[in-house]
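**Student:** Please model the complete structure; the sequences and the hints are all you need to start from.
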Amino acid sequence: MMKEKTSTSHKVFSIIGIVLCVILIPILIINITLIIKSNTNKGEVPSVGGYFPMIVLTDSMYPDIKSGDLIICHTVDAGNVKEEDVISFFDPAGNGSSVVTHRVVEIVNEEGKLFFRTKGDHNNTEDKDLVPAENLVGIYKARIAGAGNVAMFMQTT
Numbered sequence: 036m037m038k039e040k041t042s043t044s045h046k047v048f049s050i051i052g053i054v055l056c057v058i059l060i061p062i063l064i065i066n067i068t069l070i071i072k073s074n075t076n077k078g079e080v081p082s083v084g085g086y087f088p089m090i091v092l093t094d095s096m097y098p099d100i101k102s103g104d105l106i107i108c109h110t111v112d113a114g115n116v117k118e119e120d121v122i123s124f125f126d127p128a129g130n131g132s133s134v135v136t137h138r139v140v141e142i143v144n145e146e147g148k149l150f151f152r153t154k155g156d157h158n159n160t161e162d163k164d165l166v167p168a169e170n171l172v173g174i175y176k177a178r179i180a181g182a183g184n185v186a187m188f189m190q191t192t
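When you read off a place in the sequence shown, starting at 1, and then add 35, the result is the number in the numbering used here.
Source of the hints: derived by calculation from the structure; they are not laboratory data. One or more of the hints may lead you astray.
[What the hints assert, rightly or not] Derived Cβ-Cβ restraints for the label pairs, each shown as a range:
#, residue 1, residue 2, range
1, Gln190, Leu55, 18 to 26 Å
2, Asp120, Thr68, 22 to 30 Å
3, Asp112, Leu59, 31 to 39 Å
4, Thr160, Ile67, 40 to 48 Å
5, Asp164, Ile62, 30 to 38 Å
Positions of the beta carbon are idealized from the N, C-alpha and C atoms, including for glycine.
**Tutor:** So, in structure tokens, the structure goes:
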């Protein structure tokens, strides 16, 4: 009788172990790929298959996107961006490495160059600077609520 209970619990733990491996091994491979790409391609946001994760630090896009969320974006040609799309871009008023995610409120074509006028949904005013097309990183596709907080916690000692 005791042997039967041991084999049943062993089977349950084996199944749990297999499920965890199926979930965690792809996550590990994606993370390693992103780390390698970020170290080899400085000045670019690393992606896998054109998709890249971003951790949201502010509530400027509240209520659709909240601080602490993990968002998934996809690289896209600037010509394919439409008004009302939510885009991620290198902040033209920033230090050159900060990425902002805001909604496109207007597409501007000045002297043959493409620019985006953006605004955070929760902000009172539009962003001060136009975003040049070359600053576009990608377009917002999905959100995983709270997963950014978990990722930030995992980066701390």
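**Student:** All hints are to be evaluated individually against the structure, with a verdict given for each.
**Tutor:** For each hint, the structure was consulted:
no.	hint	verdict
1	Gln190 to Leu55: 18 to 26 Å	22 Å, holds
2	Asp120 to Thr68: 22 to 30 Å	26 Å, holds
3	Asp112 to Leu59: 31 to 39 Å	34 Å, holds
4	Thr160 to Ile67: 40 to 48 Å	41 Å, holds
5	Asp164 to Ile62: 30 to 38 Å	36 Å, holds
Against the hints set out earlier in the document, no violation occurs for any number.
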